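Here the protein sequences come in this chain order: A and B. Sequential numbering of the first sequence, starting at 1212, is according to my numbering. Sequential numbering of the second sequence, starting at 2, is according to my numbering.
The set of hints was computed from the structure by calculation and includes no laboratory data. Predicted, not measured: the structure shown is a model, and the values here were computed from it. Cβ coordinates follow ideal geometry from the N, Cα and C atoms, glycine included. Any given hint might turn out to be false.
Label-pair restraints from in silico Cβ distances [unchecked claim]:
#1 B/Arg244 to A/Leu1492: 36 to 42 Å
#2 B/Leu305 to A/Pro1399: 31 to 37 Å
#3 A/Thr1329 to B/Leu103: 40 to 46 Å
#4 A/Leu1492 to B/Glu306: 38 to 44 Å
#5 A/Phe1389 to B/Leu92: 56 to 62 Å
#6 A/Val1287 to B/Glu306: 21 to 27 Å
#7 B/Gly213 to A/Leu1492: 51 to 57 Å
#8 B/Ala193 to A/Leu1379: 51 to 57 Å
Listed below are the simulated SDA-like cross-link pairs for lysine to any residue, each with C-alpha atoms no more than 25 Å apart in a straight line [stated by the list, open to error]:
#9 B/Lys141 to A/Val1470
#10 B/Lys141 to A/Ser1266
#11 B/Lys210 to A/Leu1492
Chain B is nowhere near these chain A residues, computed Cβ spacing over 12 Å in every case [claimed, not checked]:
#12 Pro1304
#13 Ala1383
#14 Leu1435
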Amino acid sequence: MFDYQFLIEVLVGGLLSGVMYSLVAIGFVLIYKTSGVLNFAQGAMLLFAALTFVSLVERGSSFPVAFVITLAIMVVLGVSVERAVLRPLVNQPPTTLFVATLGLSYVIEGAAQLLWGTQVHGLDIGISDVPLDIAGVFISRFDLFAAAVAGSLVALFALFFRYTRTGLSFRAVADDPFAALAVGLRLPRVWASVWTASGIVALVAGLLWGARLGVQFSLSLVVLKALPVLVLGGFDSIAGAIIGGLLIGAIEKLSEVYVGRLFGGGIEAWAAYVVALVLLLVRPSGLFGQKLVERV
Amino acid sequence: MSAAPSTAQLLPGAGAFAITVGAAVAFGAVPLLGSDYLMDAVLTPFLALALAAVGLNLLTGYAGQVSLGSAAFLAVGAYATYNLHLRLPQLPLLVDLVLAGLIAAAIGIVFGLPSLRLRGFYLAVSTLAAQFFVQWALTKFGWFSNDNPSGVIDAPVLSVAGFTFTSPAERYVFSLSVVVVATVLTQRLLRAQSGRNFIAVRDHELAAKVIGVPLLRTKLLAFGASSFLIGIAGALWAFAYLRTVEPAGFNLDRSFQILFIIIIGGLASLRGAFLGAAFIVVFPLLLSRAGAALLGGVFDSGVLEMSQRIVVGVLIIAFLIAEPRGLIALWDRLWRAVARPAAIRNT
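For reference, chain B alone in the conformation it holds in the complex:
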C-alpha cells in the first residue's frame, strides 16, 4: 500500500527490542504510579485497540488484503470468551482466551476464502458481509448472550491461577501481558518465511505465485492470524476495558477506527499500530478538553462528536497526503535527527 516500505518496516526486528524494553517499564512504573483514570480510560482501551490494529496490520499492511470487517472479529472474540467462560467453567481463563482467538480465526478464514478469487475493492466490500452477518447473528440468537434481550453481556471477573484482576491497574497489567505476548508472537510470525510470503503476495501476487509462494495457504494464514489477534483484542476490549458490551458496540465505525489506526500509525509496521492506537485514543480526550476550555458551554456533546468526526476525517486525508507512511515514518525521521548528531558527537 505505502509505496516503498523502508528496510526497518520489512525487517521489523529492531522494533521488538524497543517494545520489550518499553513493556518492562510499563509493567513496573505505570501501574504503581499511574492514576486509575489513566489506566481505565486511556491505557486499557489503547492496549486493546493496539492489538486489534496489530491484527489488521498483519492482514492489510503486510499481506495487502483490505478488510472492513475488523469489528466483527472483535465481537466474535468477546462473545466467544464470554460463552466459553459461561458454558465450560472448568477451563482456565487463558485457555478461554486462546480458544476464543481460534474461533475468531476459524470465522476469519471462512470470510477470507473469497480473497482467493477477489482483489481490491471487491474483497473489501465482501469483508463487510462478515461485519453485518456477525452483528446480526449476535443480536438475533439469544444463545450467544445467554438470552439477554438486547444481546448485552457482562464480563465475569478476570482470574488467572487464583489471582483476580479487578482494579484498573490489575486489568491494565492483564491487558499488557496479553498484548505483549501476542505482539511478540506476531513479530516471530512476520520474521519467518510466512511474513516474507505475506509481503510477496502484497507486492505482486502473480510474481509471488511464480516463485512458489503458496497463495492459498498464505492468504488464509493472514486472515486466520489476523482474526485470531483481533479476536483476542475483542476479548480484552470487552473484559478488561468495558466489562459490559453489546453487539452494537462492534459496528462499522469500530472497523473504520481500526483501519484509521493502521493508516495513521503506518501500514506494515507493528510499532505503527501502537502509535496509531495511542493517537486515536488520546486525541478525542484532548479535543474534548480543548473544546471545553476554549468554548465552554457552547461545546456540548453533540457539537463535540461532530467536530471530532470532522477533525478525524481531515487528519486521515492530511496524513494520506503529507505522510502516507504514517506516524511511524515521522517518528523514525525524528529519531534519526536526534540519534545521528549524537552518534557523530560520540565518535
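Chain A on its own, in the form it takes in the complex:
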C-alpha cells in the first residue's frame, strides 16, 4: 500500500525548501544576467550578511536597526566590489571573472569570521516552527513564511525591472552591454547597483537560512545547493531560478526518501547535481537559459 499522504508531505516539504534554494539562486542570476559573471561569492555574501546581522543583534541593537545597518554594509560591499574587482577586470574572459569571485569569496568569508568570530550563532526571527495541519498534510510554518518572503521578493524584483528606470537599464545591459553603453548607460553604475541588489537578496536569504541552520561558516556552503538550481533553470533566468529551485527541492527530498534507501542514504549532496547533469545533456543551457549562438 503506497502512502500518498506521505508522498505529498515529502513533496510539499521539498518544494518549500526549494524556495530557499531559489532565493540564493536569484542573487546569482541578477549578477550573471547583467555582467556575465558567475558570482561564487554569493554564499560568502550570504554568510557575511547573516553574521553581521546576528552580531549586531547580539550587541543589543533591535531587529530593524540591525537590518538597516547590515543593508548599508551590503551596499558598501556591492559598490566596492564593483570598484575594486570588476572594473579592473573589465573585458576579461568569463572564467577569469569567475575565479576572481572565488578569490572574493575567500576574502569575504575570512573577513566575516575574523570580524565576528567563528562560533555558531542562533537566530530567532520570531517564526515558530510548529507544523501546520492542512487537510491531513503537515507543513512547516517556517517554510511557508520563507516561501512568502521569497515570493514577495521576486514580485518586487519583477515590478522593479518592469517599471523603474534602473530596472530598464538593467534589462538593457543584460540584453546587449555594448548597445547599452552606446546609448549612454553607465555600466559601472549598473554593475554596482546589481551587486548591491544581490547583496540585499543575500541578506534576506542569509536571515532565512540562518534561522534554519544557525549562523555559522557552513552557511556559505548554501551556494553549492544553489548551483544545480542554476544549471537546471539556466544561469540567466529568474523564472528559471524559481522553477529550478522548486524542482531541485522536490527531487532532493523525494530521491532521499525513495531512492536514497537503496544506497544507504546521504545522497542529497549529489543527487541534485546528477539530475541537473542529465537535464543538461538534453538542454545544454538549462530549462530557461538563453541558447548559446555560435558565430565564426
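Put chain B on the given structure of chain A with help from the hints.
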C-alpha cells in the same frame, strides 16, 4: 583563458630542459643536505600539488575545460592505490600507481562526457558532481577504506624492487622521480598533435572542428590524461606525504587550491604549475612565521587561518588584475631582464 599565450607557452619545449636539469640537482644535493622538515613539510607536498596542478593545467590551461572537481580525482588515485596494494599484494607498487592513475582516468572520462555538450560555467558546475559523488562514495562504502568507520586509510610502506622509501628524504626522492617522469610524459603529450588539438579546442572549438580536430577524442583525452596525472598526484599526496588520509581531506577547498595554483602560476604552462605550487605551499608557512613574529600571542590558529584565507583571496584577485598570465610571466620577464643584458655584454 589568458588572452595571448606567448610562444614559449605554446611550445613548452624550452622548459623541459630546465626542468630536467633542475631535477638532477634536486635528486643529488637536496636529499643529502636538506633537513627532514624541509622535505617532509615543504618539498613532498609541493611535488604532489605540482603534479596535480600539471594535470589540471592540461585540462584547464591547455584544453580550456574548467574543472572544479580535481580533489575527487586526487581521492580516487589515493584510494585506488590503497586498494590495489591491499587486495592484489602480488603487484609491484609502481604498477599499482599506474593502474590507480588509469582508474582515475576512467572516472575522469565518465565525468568528462558532459563536456561534449556543455560549455563554460555549465561544465564547471557539472564537474562539481564528481567532487561530491566521489567524496560521498568513499565515506559511504566501507569497502574502499577496508571498512574503516570514518573512511581513513593508512598508507603502507612504499617499496619498489625491494627498496623501501621510509625516511622523509627517501619519500621525497620517490615523489620526485614519479613527478619528473609524469611531467616529461605530459610534455611529450603536449608537444605532439594531441597538444595542438587541446589548444585548438580551447581557442575556438568550432574552428577546431572545421579544420578536422576530433572534438570527442580530444576532450576525452584531456579529461583522461588530466585525471590520470591528478590521480597519481593523489597517491603521492596520500602515500608519500600524509600517509594517513580521509575522504574529507579531498574536499572542495582542495580543488580550489589546485585551481588557484594554476591561476597564480600561469595557465597553459607546466613550469607555471610548479611555480604556483611552490607559492601555495611556502606562502602559508611564511605567513604563519611572520604572524607569530609580528603579533606573537594574538595570532592564534583561528586568526591565522582566517587571515590566510583573506590573503589568498586578495592575491588571487590581485594576480588576475595585475598579471593574468601568472607567476611564470613575471619569471620570464625577470629572466629576460637578466639574460638579455648579459647576452649583449658577451657579444
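Consistency of the hints with the structure:
{"no.": "1", "hint": "B/Arg244 to A/Leu1492: 36 to 42 Å", "result": "holds (40 Å)"}
{"no.": "2", "hint": "B/Leu305 to A/Pro1399: 31 to 37 Å", "result": "holds (36 Å)"}
{"no.": "3", "hint": "A/Thr1329 to B/Leu103: 40 to 46 Å", "result": "holds (42 Å)"}
{"no.": "4", "hint": "A/Leu1492 to B/Glu306: 38 to 44 Å", "result": "holds (40 Å)"}
{"no.": "5", "hint": "A/Phe1389 to B/Leu92: 56 to 62 Å", "result": "holds (60 Å)"}
{"no.": "6", "hint": "A/Val1287 to B/Glu306: 21 to 27 Å", "result": "holds (25 Å)"}
{"no.": "7", "hint": "B/Gly213 to A/Leu1492: 51 to 57 Å", "result": "violated (25 Å)"}
{"no.": "8", "hint": "B/Ala193 to A/Leu1379: 51 to 57 Å", "result": "holds (53 Å)"}
{"no.": "9", "hint": "B/Lys141 to A/Val1470", "result": "holds (15 Å)"}
{"no.": "10", "hint": "B/Lys141 to A/Ser1266", "result": "violated (37 Å)"}
{"no.": "11", "hint": "B/Lys210 to A/Leu1492", "result": "holds (20 Å)"}
{"no.": "12", "hint": "Pro1304", "result": "violated (6 Å)"}
{"no.": "13", "hint": "Ala1383", "result": "holds (23 Å)"}
{"no.": "14", "hint": "Leu1435", "result": "violated (7 Å)"}
Hints 7, 10, 12, 14 from the list above are not met by this structure, while the remaining hints are.
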